[in-house]
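Peer 1: Modelling step: build the complete structure from the supplied sequences, incorporating the hints.
In order, the protein sequences belong to chains E and R. Here the first sequence is numbered in UniProt numbering, starting from 1 and rising by one per residue. Here the second sequence is numbered in UniProt numbering, starting from 1 and rising by one per residue.
One or more of the hints may lead you astray.
Remember, identical chains collapse to one label, so a pair may be satisfied in a single copy or spanning two.
[Claimed, not checked] Within a straight-line C-alpha distance of at most 20 Å, the following computed EDC-like cross-link-like pairs (lysine to aspartate or glutamate) qualify:
no., residue 1, residue 2
1, K176, D265
2, K176, D141
3, K43, D258
4, K28, D138
5, K43, D73
6, K43, D265
The set of hints was computed from the structure by calculation and includes no laboratory data. Just so we're clear, the structure is a prediction, and the values are computed from it rather than from any experiment.
2 protein chains.
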Amino acid sequence: MARLVPVSDPADPRLADYVRLRDVNLRKSLEAEHGLFVAEGEKVIRRAVGAGHAVRSLLMARRWAEPLSDLLDGLDAPVYIADDATMEDLVGFQVHRGALASLERLPLPTVDALVSGAAGRAAAAAAGPPRRVLVLEDLVDHGNVGAIFRCAAALGVDAVVLSPRCADPLYRRAVKVSMGAVFAIPYARMTDWHGDLGRLRAAGFTLLALTPDQSAVPLEKASLDGRVALLLGSEGGGLSSRWLHEADEAVRIGMSPDAMAAGVDSLNVVAAAAIVCHTLAQG
Amino acid sequence: MARLVPVSDPADPRLADYVRLRDVNLRKSLEAEHGLFVAEGEKVIRRAVGAGHAVRSLLMARRWAEPLSDLLDGLDAPVYIADDATMEDLVGFQVHRGALASLERLPLPTVDALVSGAAGRAAAAAAGPPRRVLVLEDLVDHGNVGAIFRCAAALGVDAVVLSPRCADPLYRRAVKVSMGAVFAIPYARMTDWHGDLGRLRAAGFTLLALTPDQSAVPLEKASLDGRVALLLGSEGGGLSSRWLHEADEAVRIGMSPDAMAAGVDSLNVVAAAAIVCHTLAQG
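Peer 2: Here it is as structure tokens:
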């Protein structure tokens, strides 16, 4: 059984991993510096541990120690026990899901390693090199990134590639919205926005760029044979013109002509991603 | 040109339509009592007016009067001009989108009128009786309802039917998330949760119930000929057993076996709705 350590001072330095969880800028620098991330809720914590992330510590109200006892039994990390008010003071909001865990990040694979199937995760290795890849350009909303990972994982996309400026899938809100799917699907972050699409093409991927432009090919009529990398742009601006230009084919989701006439001419990026992942899974 | 009326007191009774916009319980009773709703932002306000909703008043910072001048020219309603601090005090948050409008609700059609194509909206009348209908059971999150209306409108679903307990599509957040799609697609609210599915069947609809149960028929293999009403349940519990039982067929979205083994066994309701609407549009 892990050590249960009662704490009552939100300024206790042992709790520094959990400070101000909604302060995006603080969390970015703190998590990068220490190579950690925070998971929230029993189910998601179990998935993170199952995916091989080492536990730095846990923080929870005492009532959560019992339902998590099987997990705690195998742990060598401290389990901080606090009352709800201390936790709220520390993290900056009321923790509804009971338990928080601070976990070690794992080294991300390079794009090359990811697409060659050498990403190092057991699941990916077993399945062979990825055939269906989603490439996200500059999605900055953590909730959207988490929701898209959930779609991609549930519908059988093999891997996700993030542009250099994409939001972090291990940011607390992304992890939460993904329901832990960020641990179920391998991903890599590009280091070269200009050049890394070329590495995907060199690896044999057809690059399809999703656009609202209704002159593009309907998604379900595009060639989905072989390896396909589908490029998805940010909600506001869509894909950059550079990426649109570099893709092999522009594809669109068919919209209702009536709706377009009424000005309802786009989907939100999560809805679009869901349709894309579902269509890729059929191909 | 409408009258521009400077205001500076958040307690001014002429601004009562806009009070505490995030207080769901207050807004529910206030909006029901006065038959009003509030739209936010130039684009959405234009769509609401275009859909025939009479304007009770507008409220905005002075800088927004110019870009909206063509709309204001045709209005007989007061346009209250306030500074940002007054607006924030009144509505309870910082109004980023500049302009708010209080609009009159229109009488909703009955389920029978909706499915017979007599819903009274020009768009629906022109298109004939609806062939593709989404039926939402007890979705209580306004953001989800708005996002689903956006998917349904953009992808060509003809109408939406709400269970008696579903969230209000004209609640401010639903309107906003829908990007005004709640004005582009006709909808009705059931008054009889027990009996109104029977009215849809009597009108010739095949009732398909979406379920995560992987023993159900894959959605794309279901019969989508003729009139189809697709039943979608709430995120937490899914469809009630009564509705599941009453449907003609249970359908599912195909999930990745690997993901299901890893515990990623469901989609959020908006992602599921997007896939459903897209599949219905192909059929």
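Peer 1: So, for every hint listed, does it hold in this structure?
Peer 2: Cross-check of the supplied hints:
1. K176 / D265: Answer is between; shortest inter-copy Cα gap is 15 Å, intra-copy 30 Å.
2. K176 / D141: both (13 Å within a copy, 17 Å between copies)
3. K43 / D258: Between copies only: 18 Å across, 43 Å inside.
4. K28 / D138: Within one copy, since 16 Å is at most 20 Å while 38 Å is not.
5. K43 / D73: within (16 Å within a copy, 56 Å between copies)
6. K43 / D265: Cα proximity of K43 and D265: across copies only (13 Å, versus 37 Å in one copy).
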